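J.: Chains as they are written, first to last, in the numbering used here: chain L, 77 to 202; chain X, 77 to 202; chain Y, 77 to 202.
Derived by calculation from the structure, the hints in this document are not laboratory data. None of the values given here were measured: they were computed from a predicted structure. Please note that the accuracy of each hint is not assured.
Copies of one chain are not kept apart here, so a pair can be met inside one copy or by any two copies together.
Keeping only pairs whose Cα atoms sit at most 30 Å apart, straight-line, the calculated DSS-like set for lysine-lysine is [said to hold, decoys possible]:
#	residue 1	residue 2
1	K85	K193
2	K106	K85
3	K193	K106
4	K78	K106
5	K107	K78
6	K193	K151
7	K193	K89
8	K151	K78
9	K145	K107
10	K106	K145
11	K145	K85
12	K78	K145
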Amino acid sequence: MKVLTEYLKFHTKTHRAYVHITPQIESAVKKSGVQEGMVLVSAMHITAGVYVNDNEPGLIEDIDHWLEKLAPFDKNYQHHQTGEDNGDSHLKALLIHHEVGTWQQIFYAEFDGQRDKRVIVKVMGE
Amino acid sequence: MKVLTEYLKFHTKTHRAYVHITPQIESAVKKSGVQEGMVLVSAMHITAGVYVNDNEPGLIEDIDHWLEKLAPFDKNYQHHQTGEDNGDSHLKALLIHHEVGTWQQIFYAEFDGQRDKRVIVKVMGE
Amino acid sequence: MKVLTEYLKFHTKTHRAYVHITPQIESAVKKSGVQEGMVLVSAMHITAGVYVNDNEPGLIEDIDHWLEKLAPFDKNYQHHQTGEDNGDSHLKALLIHHEVGTWQQIFYAEFDGQRDKRVIVKVMGE
Chain L
77 MKVLTEYLKF HTKTHRAYVH ITPQIESAVK KSGVQEGMVL VSAMHITAGV
127 YVNDNEPGLI EDIDHWLEKL APFDKNYQHH QTGEDNGDSH LKALLIHHEV
177 GTWQQIFYAE FDGQRDKRVI VKVMGE
Chain X
77 MKVLTEYLKF HTKTHRAYVH ITPQIESAVK KSGVQEGMVL VSAMHITAGV
127 YVNDNEPGLI EDIDHWLEKL APFDKNYQHH QTGEDNGDSH LKALLIHHEV
177 GTWQQIFYAE FDGQRDKRVI VKVMGE
Chain Y
77 MKVLTEYLKF HTKTHRAYVH ITPQIESAVK KSGVQEGMVL VSAMHITAGV
127 YVNDNEPGLI EDIDHWLEKL APFDKNYQHH QTGEDNGDSH LKALLIHHEV
177 GTWQQIFYAE FDGQRDKRVI VKVMGE
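Kindly produce the complete structure, drawing on both the sequences and the hints.
T.: Shown next as structure tokens:
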């Protein structure tokens, strides 16, 4: 079995961001030499996610708006008693989920950005 | 390592549909001869999903009603400026997620049907 | 390829519960001897889920409150015509999703507890 592990690094300029990462994943798969197998793409932080969808700016705007509706920013999360103010980021990440193993347009979804974060990419197979 | 890849094809008669696909997955696993491993079942389109739950008609109706509540059909998604009218289908698919790797009752969830679509089934193991 | 399969058993005291299971997963990985591979952690019931997030009591309270808002307990689900009263548990589990394959803080999320349930843990790799 062949295994290749790579880490993608992010430090978004905005608090929320949706970064298209399909090219990096394709490059990792090519580099691995795996012909038959799976790729795991997983956010290594619990206020970020990885999802699969169209790379269409209007849709990304719709997704962002919709996530804010279902998991709104709010000063009053219990989690904020720890000094954090990113309760909504945790909930948004739960909605989006934090990993995919597939081959469509892949995005890194940042819900608490402006700091260093990583995604792990693991290609396994033969 | 043994790997078997199969594609399931769908062309639903309705715009939204929930199709029970456990038998097809079990059949792929059997055909693969894999005794220990995993199955990836992944929708190859971003307006469809794959999920695991009970095969009970009332529950499927509840799920459909609930998805329409959380990600409603709406004429005003930004995505519709591209000429599409399926913004809600993308959001419903994000909620349901598009892949599972497991062995309960498995469903193909169509949110923008009446066209050709596929699911990939990949069995890997020994 | 090495494969280790273990089952975690749960019987929560409350109807809903969030159980931190990272130590059990780490222990399974260690026992497997796998150095490079993946772990699948999957709830074997469709009214429970597995998710990854912080082990912070306030946040767990926020998550529970939020799930109840998005998928509320309600007497009138169609599914209840079967004699069940756990329609909301099914929807909450769909939101949380029922499996992860990763290495952060892992939780078993029970949405219909006070009965025997299991999680499967499968470590695969070399």
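J.: List, from low to high, the hint numbers that the structure doesn't satisfy.
T.: 8, 9, 10, 12
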